[in-house]
Amino acid sequence: MSNTSPPSRRTFLLASGATAAVTGAAITFRANSKEVPAKLDSYKPEYFNAEEWAFVLAATARLIPSEGDGPGAIEAHVPVFIDRQLKDYYGNAELWYMEGPHDPTATPDRGWQTPLNPAQLYRKAIPAFNAACKEKFGKEFKDLAPEKQDEALTNLQKGDIKLEPELSIFFATLLANTKEGYFADPVHGGNYGMQSWKHIGFPGARASYAEWVGQHNVKYPLGPVSIKGERA
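Taking full-length UniProt numbering, the leading residue of the sequence shown gets 1, the next gets one more, and so forth.
These aren't lab readings, by the way, just hints derived from the structure by calculation.
Everything numeric in this text was worked out from a predicted model, so none of it was measured.
Take every hint as true, because none was put in to throw you off.
Estimated spans, in silico, between C-beta atoms of each pair: (1) Asp109 with Ala207: 31 to 39 Å; (2) Glu99 with Ala207: 35 to 43 Å; (3) Thr154 with Arg110: 20 to 28 Å; (4) Lys87 with Pro165: 20 to 28 Å.
Cβ coordinates follow ideal geometry from the N, Cα and C atoms, glycine included.
Let's have the full structure, built from the sequences with the hints guiding it.
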């Protein structure tokens, strides 16, 4: 978040696609052939309660807004992705080393520095952040005007809104998960209709496109393909 004029979404996404690939290493994805894309307005969260779901809808909508070029987080169903991941073994940190000691002041290269797993982090941080918003702005996050939501998220990112030390990585985690949900294969709940892939020209899970690797500045003519073989 920033108070300066933001770049276009396309510029942001092209720049952050590689970042998402790196931060995505924090999540070990599990494809589930029984899962099908759900309409957002009828989706019933598997992990989030009503308060948490309302926050995630509002927060991801400001991190990748709907206005501007390309789909926003809501159109890409990023909240569905985050909800499903927190319900699965990423949320439980099932495959992570979680023993202490933990140092909330450590640099990101030191790894996950909180005793809370991701699901617990969201569960504790959302009401804490809502309480801070209510104290600072008079309303919970979801009820703030968009420009005030941006200000609140910027304050959280910069540490001007302080949460407990074990919750200090909440903004970074929320932003990383939002990017991951935006760019992940649709089988995981986000990137609905492969909209983000179409927007940046990513071919997806095509079996082979090696002949295009060396063709610089040539637009790739084929649409993306998902893990399940869906085409867009």
